[in-house]
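Asker: Going down the list, the sequences are from chains A and B. Per our numbering, the first sequence runs over residues 1 to 982. Per our numbering, the second sequence runs over residues 1 to 123.
If you're looking for bench data, these hints aren't it; they were derived computationally from the structure. Fair warning: there could be bad hints in the mix.
[Unchecked claim] If you want a taste of the chain B side facing chain A, the calculated C-beta under 10 Å gives, among others: (1) Leu20; (2) Glu43; (3) Asp46; (4) Phe100; (5) Thr102.
[Stated by the list, open to error] Below, a list of computed lysine to any residue pairs in the SDA-like style, where the Cα atoms sit at most 20 Å apart: (6) B:Lys103 - A:Tyr694; (7) B:Lys103 - A:Val521; (8) A:Lys608 - A:Tyr694.
Glycine included, every Cβ here is placed at the ideal spot set by N, Cα and C.
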Amino acid sequence: MKVPELKSSMRLIMGSLAILLIATLAVQQAIWWTRMSEIQAIYGQLRLKLDSFADHLQSQVQWFEIPPTLAAQAQPVTELVQGANATDLRDAANVFLERFSRTARASVIYVMDTDGLTRASSNWKEPDSFVGKNFSFRPYFKTGAAGRTGHYVALGTASNALGYYVAQPITINGTFKGVAVAKYTPNDLLSAWHAVGNILALADDHGVIFGSTDTRLLFHTLSVLSPPTMQVVEQNKQYPPDKLVPVNITEQAKLGGVPVATLGLSDSTADAGSDHAVSALHVMERHEIPNAGWHLIALASIDENGSRPGGIIGLGVLGASVAFFLLAYVEQRRRGREILAANEAQLRTILEGSPIGAAVSTEDGKLLFSNLEFAKQHGISNRSTLKNADLLSLFVDPSDRAPLFDQLRRDSKVDHVEIERRRVDGSHWWSLLSMRPIVFEGRQASLSWTYDISALKDVEKTLKAARDQAETASQAKSSFLANMSHELRTPLNAIIGVTEMLQEDARDLGREEEVEPLDRVLRAGRHLLALINDILDLSKIEAGKMELHLESFAVQPLIADVVTTIESLAAKNGNRVVLDCSSDLGSMKADQIRVRQALLNLVSNANKFTEKGKVTVSARRQRHDDGREWIVMAVADTGIGMTPEQLSKLFQEFAQADSSTTRKYGGTGLGLAISRRFCQMMGGDITAESELGYGSTFTLELPAVVGAAEAVAPAPIAAIHPRTGAGPAERPLILVIDDDQTVRDVVGRFLEREGFRVAQAEGGREGLRLIRELHPLAVTLDVMMPDLDGWTVLAAIKGDPQLAETPVILMTILDEKNRGYALGATDYLVKPVNREKLVEVLRNLTVAETGCVLIVDDDDVGRRQLRTAVESLGWSIIEADDGRMALQQLDRNRPDVIILDLMMPNVDGFEFLETIRHDPERRQIPVVIVTGRDLTAEDRNRLNGGVERIIQKTNRDDMLREVRSVLASCVERSRNEQPVGA
Amino acid sequence: MKVLYVEDNDDNIFMLRNRLRRAGYEVVVAMDGVQGVAAAAAEKPDVILMDLSLPQLDGWEATRRIKAAPETKHIPVIALTSHAMMGDREKALAAGCDDFDTKPVELPRLLKKIRSLTERAAT
């Protein structure tokens, strides 16, 4: 909407008005000036005329004095007035006067004596002869008698016509003797006035108009006659008495400096057409005829007739201006409407062309407005049908509509709501709806915008389907990996297992020459297994399916353990292994197995590629820039080193420098890649430096606390309680549950060799039955079984209170430790099972046959608890309540294990340790710290390297379990260290 | 019948030598490409089993040399490889191998190939 246009049209109107006013004023002014000039011109002309006429009249009047003057001096007249009333004098005078009047052009000349009696007259022959008439009443007789010339206009006594009398006194020898009078016709006086359109009035000394170009003015007076004057006039019968009213000449304000008057005649004659001239405006000029005492008044009309053209022009301009203004206004309005229409059209175009449907509707379902898109969206081609549409029918779920209006009321808006709508043909589509309140045509309504998101919904569906597919694919990948695992490991299981079996048979039967070939098979098989494991590990990592199993563990013991493991191999290459750990390593939280694996990989590589050299394993605890603490381990060797090219290919799978290296030095070529991946998964990394011929250094960095997903801690080793009938002396029973015959045979035979009794179950159901019947010490459980899978069996075992305490060791090709532990498995071994590990686990569960424990604790109650717990396993107990006493006991006995408290009087735990460390014999005895004290780093340092394990006195059950487990392992170790028969 | 077996892997040597001996062949072993070429000239075997991935000189090159030398070029060569790649077969044949067998070895199949080549050479 062009609002400024509106303002400008207002301006235009105002401007027009202003211009109009100015123009009008200007024109008026022009007219005025024109008029003024006109008036002035008229006046000027009038004046000139009047002046000249007045002069003329003056002369005339003066001339008219001559005849009576001559007559007054003429002998006949003088003789007449001197003598007595002689007839012959009279006749002589009459004749004289008669002849003289003709010359004088007077209508009558006559002579009066001192009495006023007319003694002789020029009209002596006529019937109305003046002779003998007495006109002493006439004023001119009086003025004559007074010795002055008299001018007198009056009605004639007989004729009733106006006469003009000029009288001269007759004086003889200074004595008044009579008056000589000449009578003229007053109309002649005006004959010289030639101005057409102008009015001339000749008034006598009383102001009575006796001569006028306009007869209507006759006998009117210039002003009101005073009563005495009136009396005189009436007495003298000078004028017709009924006419002696003032003429209505009213002086007005001067126009243009010109005397102006209105002329109004109070004439009773109602002349229809004469009104306009009578009261019109005139310029006026006066003059005097001094001789006669007469007044001359000239009037020239200056009414509008003269300035009519100007008026017309003015009117014309005014009219034109008005017309212009009106036109401009109308034009403005029209333009305004045009602009409005154009704006409206534009808005309409926008609205109608919008890809978003717009509609205005009331809550009760009336549709007040809709745009094209709205109609199209709902499949309506004829928009008029929408007016009557039931809006509820456009919703697939009509109950959707009311809450929308509620929301609109509450929040004053509805934004982006997905609503499913129905077209008139019944098909559905999805809309994105927004609403705002609006007042439309005076009603409260809702303005709604609907956007068709059917396409988007389809895309959404497609994406969801694709995502589901991807998830399915991912799951398929997982199960593929699991299956591959199974498929690959199962035959290897047989190969390795059976070959081991054959090898033992060969040995047993003394067939030595078969041992070596079988060894080759075993080595090849194991190598293959290692490869498969590595490949599967890598695949799992690549697929993101590798789980980390985080736990807290002491760093230094782990490193020491790895070094120990490599020592014999190191000796074979003539290498020296040096350990350089800082004392503040403490513990870290990570996947212990993977850390060990990675470190072992690095150390064994270092050893592999070094001959008669040195391998240094160092470890530090550092704070890095990220503010966290890191464990940095370095493995440095003095081996063959690498070229830069070899270094660059180092962590690539199978690119072990080059393939010949693999053959010469063994290994899968995958170890480094896998180790590095695990480190990266834990947030760290492995890096390498090398110099050809001098050696290499591999650095392994890990955060001290790895923040991976929470891992599930392994279920604590199941508590041992005495089994009915199964005393320590009897060989413990292990139930092997596996659907694979081979597995059952191999495991069973091996376990029997190790001193266990073995029962077998083919499947889950049989297994559960046998557990209930036989109450085995522990159960080995396969997961992938046809009838009941291992998870179900495990859940069943743990769910049955009678069986729940049975330790279950999962043995499966799947690697789902977390799940296993979460479900309560005691331990989890991946097939092919490392037999040593299995034995270790089982041994931990068995009762030690002999053993002596020295329990050192000043707390009586605690000591008694431990004693009870350990005795139930069949151990014998020696007690001491402080360090000194403990040392004394050591003099007398040699226990297998020492359980040591730290906080004791006299000689405390630390001191005790110090003391026994100095004794080479005593320091072999494994020491288990069981303490309630929160150990500081310094404490740990003091204990480091000298103790088997540190157990916190927190939860009694946990603590006791741990103690049992430690005891078992101690016994196990001591048994291994002593040569025992195969 | 004398077989020259050119192979660097100890286990493979152990296995195949024993098995071939059991099958009645005399077996001579060379553990790299260079030794292989030399042994071919020195021992004049009836057939050569050539492992392709060898140190010093790879199997292809050794075969080429054997086939190039006038005194050994008539000896049939069977390439043994675990390479499952495309083009290995063609590559082997292009080097002059008379036949091609993959590892793991399937003894009957291998013996059949040896027999057919030696019989052909004999005629």
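Asker: Sort out which numbered hints this structure fails and list those numbers smallest first.
Answerer: Numbers 1, 2, 3, 4, 5, 6 - these are the hints that the structure violates, sorted from lowest upward.
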